[in-house]
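Enquirer: Please work from the sequences and hints to get the whole structure.
What follows is each chain in one-letter form.
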Amino acid sequence: MTDLTQLTLAEARDAVAAKTISSTEITKAFVDAVEKARPLNAYVLETPEKALAMAKASDERIAKGQAGPLEGLPLGIKDLYATEGTRTTACSKIIGNFVPAYESTVTSQLWRDGAVMLGKLNNDEFAMGSSNETSAFGPVVSPWQRTGSNAKLVPGGSSGGSSAAVAANICLGATATDTGGSIRQPAAFTGTVGIKPTYGRCSRWGIVAFASSLDQAGPIAKTVRDNAILLRSMAGFDPKDSTSVDRPVPDYEKAVGASVKGMKIGIPKEYRVDGMSAEIEALWQKGADMLRAAGAEIVEVSLPHTKYALPAYYIVAPAEASSNLARYDGVRYGVRVPGKDIVSMYENTRAEGFGKEVRRRIMIGTYVLSAGYYDAYYVRAQKIRTLIRQDFEKVYAQGVNAILTPATPSAAFGIGEKGGADPVEMYLNDVFTVTVNMAGLPGIAVPGGLSTEGLPLGLQLIGRPFDEETLFSLGEVIEQAAGRIALPQRWWA
Amino acid sequence: MNATVDPKKLIKGATGDWEVVIGMEIHAQVTSKSKLFSGASTEFGGDPNDHVSLVDAAMPGMLPVINAECVAQAIRTGLGLKAQINLRSVFDRKNYFYPDLPQGYQISQYKDPIVGEGEVLVDLPDGQQITVGIERLHLEQDAGKSLHDQSPTLSFVDLNRSGVALMEIVSRPDLRSSEEARAYVTKLRTILRYLGTCDGNMEEGSLRADVNVSVRRPGEALGTRCEIKNVNSIRFIGQAIEYEARRQIGILEDGGKIDQETRLFDPGKGETRSMRSKEEAHDYRYFPDPDLLPLEFTQAYVDELKKGLPELPDEKKARFIATYGVTAYDAGVLVAERAGADYFEAVAKGRDGKAAANWVINELFGRLNKDGKDVTNSPVSAAQLGGIVDLISEGTISGKLAKDLFEIVWTEGGDPKEIVEARGMKQVTDTGAIEAAVDAVIAANPDKVEQAKAKPTMIGWFVGQVMKQSGGKANPQAVNDILKAKLGIE
Amino acid sequence: MSVDSATVRRIAHLARISVNDDEIAPLQNELNAILAFVEQLNEVDVANVEPMTSVTPMQLRQREDKVTDGHYPNKIVGNAPLTEDNYFLVPKVVE
Ligand SMILES: [Mg+2]
Ligand SMILES: [Zn+2]
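These protein sequence lines are chains A, B and C, in that order. For the first sequence, the numbering used here gives the first residue as 1, with consecutive numbering after it. For the second sequence, the numbering used here gives the first residue as 494, with consecutive numbering after it. For the third sequence, the numbering used here gives the first residue as 984, with consecutive numbering after it.
Since the hints were derived computationally from the structure, they do not count as laboratory data. Being a predicted model, the structure only gives us computed values, none of them experimental. Any given hint could turn out to be false.
[Claimed, not checked] Lysine to aspartate or glutamate pairs mimicking EDC-like chemistry, simulated, CA-CA at most 16 Å apart:
#1 B:Lys-526 <-> C:Asp-1052
#2 C:Lys-1058 <-> A:Glu-84
#3 B:Lys-638 <-> C:Glu-1067
#4 B:Lys-604 <-> B:Glu-789
#5 B:Lys-587 <-> B:Asp-776
#6 A:Lys-240 <-> C:Asp-1052
#7 B:Lys-961 <-> B:Glu-928
#8 A:Lys-28 <-> A:Asp-3
#9 A:Lys-240 <-> C:Glu-1047
#10 C:Lys-1049 <-> B:Glu-536
#11 B:Lys-910 <-> B:Asp-897
#12 C:Lys-1075 <-> B:Asp-642
#13 C:Lys-1075 <-> B:Asp-593
#14 A:Lys-307 <-> C:Asp-1028
#15 B:Lys-842 <-> B:Asp-776
#16 B:Lys-863 <-> B:Glu-900
#17 B:Lys-575 <-> B:Asp-796
#18 C:Lys-1058 <-> A:Glu-103
#19 B:Lys-604 <-> A:Asp-375
#20 C:Lys-1058 <-> B:Asp-642
#21 B:Lys-638 <-> C:Asp-1068
#22 B:Lys-604 <-> C:Glu-1033
#23 A:Lys-64 <-> A:Asp-113
#24 C:Lys-1058 <-> B:Asp-540
#25 B:Lys-575 <-> B:Glu-804
#26 A:Lys-418 <-> C:Asp-987
#27 A:Lys-418 <-> A:Glu-357
#28 A:Lys-356 <-> C:Glu-1006
#29 A:Lys-36 <-> A:Asp-3
#30 C:Lys-1075 <-> A:Asp-341
#31 A:Lys-307 <-> C:Glu-1026
#32 A:Lys-356 <-> C:Asp-1005
#33 A:Lys-356 <-> C:Glu-1013
#34 B:Lys-587 <-> B:Glu-661
#35 A:Lys-307 <-> C:Glu-1022
#36 B:Lys-502 <-> B:Asp-619
#37 B:Lys-638 <-> B:Asp-543
#38 B:Lys-526 <-> C:Glu-1047
Expert: What follows is the structure, encoded as structure tokens:
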């Protein structure tokens, strides 16, 4: 029998629906694969008993003809999503023992639709990072290696556990979150597909907050179609989230394979940044060619405030984070480190509970909001955000359907290679993705080819608000043209 | 406002007169079933952490959703304060660490509050009326409660109040005495109760005042102020201001200067003291809450709420003066509580307003007060009191007997008219009977008759004697007239 | 703008994160690197630009005033480091 873990989510769904395989069979295959893949450190918590129990329940529903759209399909869940009765830590020591009494809206919708949970996936602590190296559980090792090298590479971040697990076939698909690129950058680094939907498309309720005005949930999966299937279940209006948008969720899968003929695709000249590698430049060109070949029209567009997105992001995101993370104080949950009084209890708890990067961002966020600096930093950054969104609005008003850019400035790098003394070096990873969060737009990362070192490279498509469907149609064109970038071999087992 | 200095309100110091300047921030709990941003109950009391949702406890990933009724209540209150209603307002986070503040920030409104400038008219006991400016009203979350006396080393935290909606009502520094401050809070509480937007229950903490006090020489610029936090009774507000003003005057007269600081009032000692935990300067790092959008509503919505407002105390007072002819002072007393005003109106309708006011204020309110009762559970109903007033105006009973009758109705109940019949309390207006009684008294007291002729005020003594003989039932006016005629007094 | 070591200490205290003396200098450098990076925002003319308050053009929804939540103190204190009788316990707070 074929290795069931190699199936795409759509293939597995069809096989389970056709009863050629049972949920229990495929879940067992994944439970075994998860166990064997421990060297990747993609899972911070494996829940095999729960997975098999959910699979059994799925099989019973299938037998009764009550199957949901994700019936019996094993998924990995980023550890930022609260899962009722299952430890949820945001990969931080400060809530390293937290067991929520509630289930996030997005995961509850996955279970509603029949999905099976394999366990909780590693991520950068509180989703702050671009390499998954800030996790309290240690870094995730990418399943990818450079040709002729066994140097350990990062899977991207913050959803590094999600991207690595999908690429390594240790789940059919994974939930992820994206605040500045945390779905698209790791997808690009691992040859997987990830979509950050429009802000407000997925509920944030029950997902540990990093930066509220930027955070969005989304899937990482093997193919564009798998993303479309997962997003349909994840998305939807939630009255418990005041920023959730009340509009119907389309059947995204219908958009996969739809014609893109006549669509206008913008190429923003400002993304041709200084020192862009020839490899990335070529990838971008290739992506444009693929879309043109499918009948789309390629036009140059201008997004003049692009270069200010990343610095503005590094004001807005830490500012919101400094406030969002104030609740981790050792009083109601999580770790408490004693002190001589209440203030020193707070200070000790937060110094020991938070990792270095999180502490740094809280400090920057606290500083930019503090008396005398608020207008100079935070208000200015939010004004620049308005300008960034207006840039996109102008381009879309010209009839542009979507914008094509590279997803990352480079292929994956080695663990420990970046962001030592200068944090900004690491931050530059998100230079192409962060504008999308600042403007609240949907963006998808699709593999476009391999680097000269044999590593995946991703392209990004940016859509109009709530037009994820166009992104799925265009993403499918690239995926078909470039071919799926599947992992050539597993080195860990 | 109050531009001219009223010498009566100045405080005498060792080196001259001082003027106290007071502004207040009132925290009024919004009357609502559930909390401002969660579906947990606002009910007072409850077991520890029972009226608490995951949102109120700031569990990771929890988000606020605003309660429509709290918004409506804030708008109603704004209308009651004749204030600007802002169709767009913004919720900000006020960031600070405290164990009873689970999120590490309070959701409040900073730059753009829901209600802007308004005013409150305040009547003082001497009949003077002052206008107190309202700077703003904003919505915000209440904090939880810490108990400090359960253990020598630990504080106990209960989040039942955490997230309950508060209206912070900020006045201008328009108050010039502790008496004015007390009258202002009393009036504000009356307005809130009329509107039904806050129950005004200070014992349960539904209304708390932060009192800003400074002193200055009359006519000089504002002095440095101290904020006395969370004073929870009107009496304490008065005491705290008196103490604080004298404390500041003492320091200034000794050549010292006032440190701007936050203080607490200790009701046991009647003193204010510096809050130790507030020694460091605060930096609240306000910014708009990214979990919420700006709060927006239409003028049509405001107008609709306005239509549903009850008659407010100022309007009611004016109407009572105009319709029932009561004095401004009496009208003020009558409208202080909506239930009392309603009671009065039921008595006054179709009767002499002044008499009704007199009976309601002096007899009824006095009696209620004596028994610690509320007008809503008065043993004498408005219909019964109306009956008593009718019996007086018809001349059936005298004022004096009416008081006895009131006491009978109070303790025994019953229809006043029937009681008067049954107990023979009717007033005698038969002039023949009165004449006979007058003649008897004159005959029995010839010496007094001589005196009365020289000193006409002696007639009072004769009236008393005649009334006594008639068992109080003689019509006093008739007695007086007949006596005058018989004694030959003009 | 850049921060000095006293500011680093002040910010750390405001954020309730204790820092050792030997952490101050590296933290100061890192924060200054970030502040230097964001300095370029000063190039942008933001006169007459409204700061973004919500990225989605929509109105704040209001929920009905109903009691729909609470009455589960065990869930509230279930993860707490120190509790008694469903209260959270913290080192004594002095006012
Ligand atoms: Mg205040
Ligand atoms: Zn307040």
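Enquirer: Next, verify each hint and record whether it holds.
Expert: Against the structure, the hints come out as follows:
1. B:Lys-526 <-> C:Asp-1052: holds, 11 Å
2. C:Lys-1058 <-> A:Glu-84: holds, 11 Å
3. B:Lys-638 <-> C:Glu-1067: holds, 15 Å
4. B:Lys-604 <-> B:Glu-789: Holds. B:Lys-604 to B:Glu-789 sits at ~15 Å (cutoff 16 Å).
5. B:Lys-587 <-> B:Asp-776: holds, 9 Å
6. A:Lys-240 <-> C:Asp-1052: holds, 12 Å
7. B:Lys-961 <-> B:Glu-928: Status holds; Cα separation ~14 Å.
8. A:Lys-28 <-> A:Asp-3: Satisfied, since the Cα-Cα distance of roughly 11 Å is no more than 16 Å.
9. A:Lys-240 <-> C:Glu-1047: holds, 12 Å
10. C:Lys-1049 <-> B:Glu-536: holds, 12 Å
11. B:Lys-910 <-> B:Asp-897: holds, 13 Å
12. C:Lys-1075 <-> B:Asp-642: holds, 9 Å
13. C:Lys-1075 <-> B:Asp-593: holds, 12 Å
14. A:Lys-307 <-> C:Asp-1028: At roughly 14 Å apart (the allowed maximum being 16 Å), C:Asp-1028 and A:Lys-307 satisfy the hint.
15. B:Lys-842 <-> B:Asp-776: The hint is violated at about 58 Å.
16. B:Lys-863 <-> B:Glu-900: Roughly 13 Å between the alpha carbons, so the hint for B:Lys-863 and B:Glu-900 holds.
17. B:Lys-575 <-> B:Asp-796: holds, 13 Å
18. C:Lys-1058 <-> A:Glu-103: holds, 13 Å
19. B:Lys-604 <-> A:Asp-375: Since the Cα atoms of B:Lys-604 and A:Asp-375 sit roughly 13 Å apart, the hinted pair holds (cutoff 16 Å).
20. C:Lys-1058 <-> B:Asp-642: Roughly 25 Å separates the two Cα atoms, so the pair is violated.
21. B:Lys-638 <-> C:Asp-1068: Holds, at roughly 15 Å.
22. B:Lys-604 <-> C:Glu-1033: With Cα atoms ~15 Å apart, B:Lys-604 and C:Glu-1033 stay inside 16 Å; holds.
23. A:Lys-64 <-> A:Asp-113: OK: A:Lys-64 and A:Asp-113 at ~15 Å, within 16 Å.
24. C:Lys-1058 <-> B:Asp-540: Since the Cα atoms of C:Lys-1058 and B:Asp-540 sit roughly 14 Å apart, the hinted pair holds (cutoff 16 Å).
25. B:Lys-575 <-> B:Glu-804: holds, 13 Å
26. A:Lys-418 <-> C:Asp-987: violated, 26 Å
27. A:Lys-418 <-> A:Glu-357: holds, 13 Å
28. A:Lys-356 <-> C:Glu-1006: At roughly 11 Å apart (the allowed maximum being 16 Å), C:Glu-1006 and A:Lys-356 satisfy the hint.
29. A:Lys-36 <-> A:Asp-3: holds, 14 Å
30. C:Lys-1075 <-> A:Asp-341: holds, 7 Å
31. A:Lys-307 <-> C:Glu-1026: holds, 11 Å
32. A:Lys-356 <-> C:Asp-1005: holds, 14 Å
33. A:Lys-356 <-> C:Glu-1013: Judged against 16 Å, a Cα distance of about 11 Å means the pair holds.
34. B:Lys-587 <-> B:Glu-661: holds, 14 Å
35. A:Lys-307 <-> C:Glu-1022: holds, 12 Å
36. B:Lys-502 <-> B:Asp-619: Distance ~12 Å between B:Lys-502 and B:Asp-619 Cα, so the pair holds.
37. B:Lys-638 <-> B:Asp-543: Within the cut-off at roughly 13 Å; holds.
38. B:Lys-526 <-> C:Glu-1047: Holds - the C-alpha atoms of C:Glu-1047 and B:Lys-526 are around 10 Å apart, at most 16 Å.
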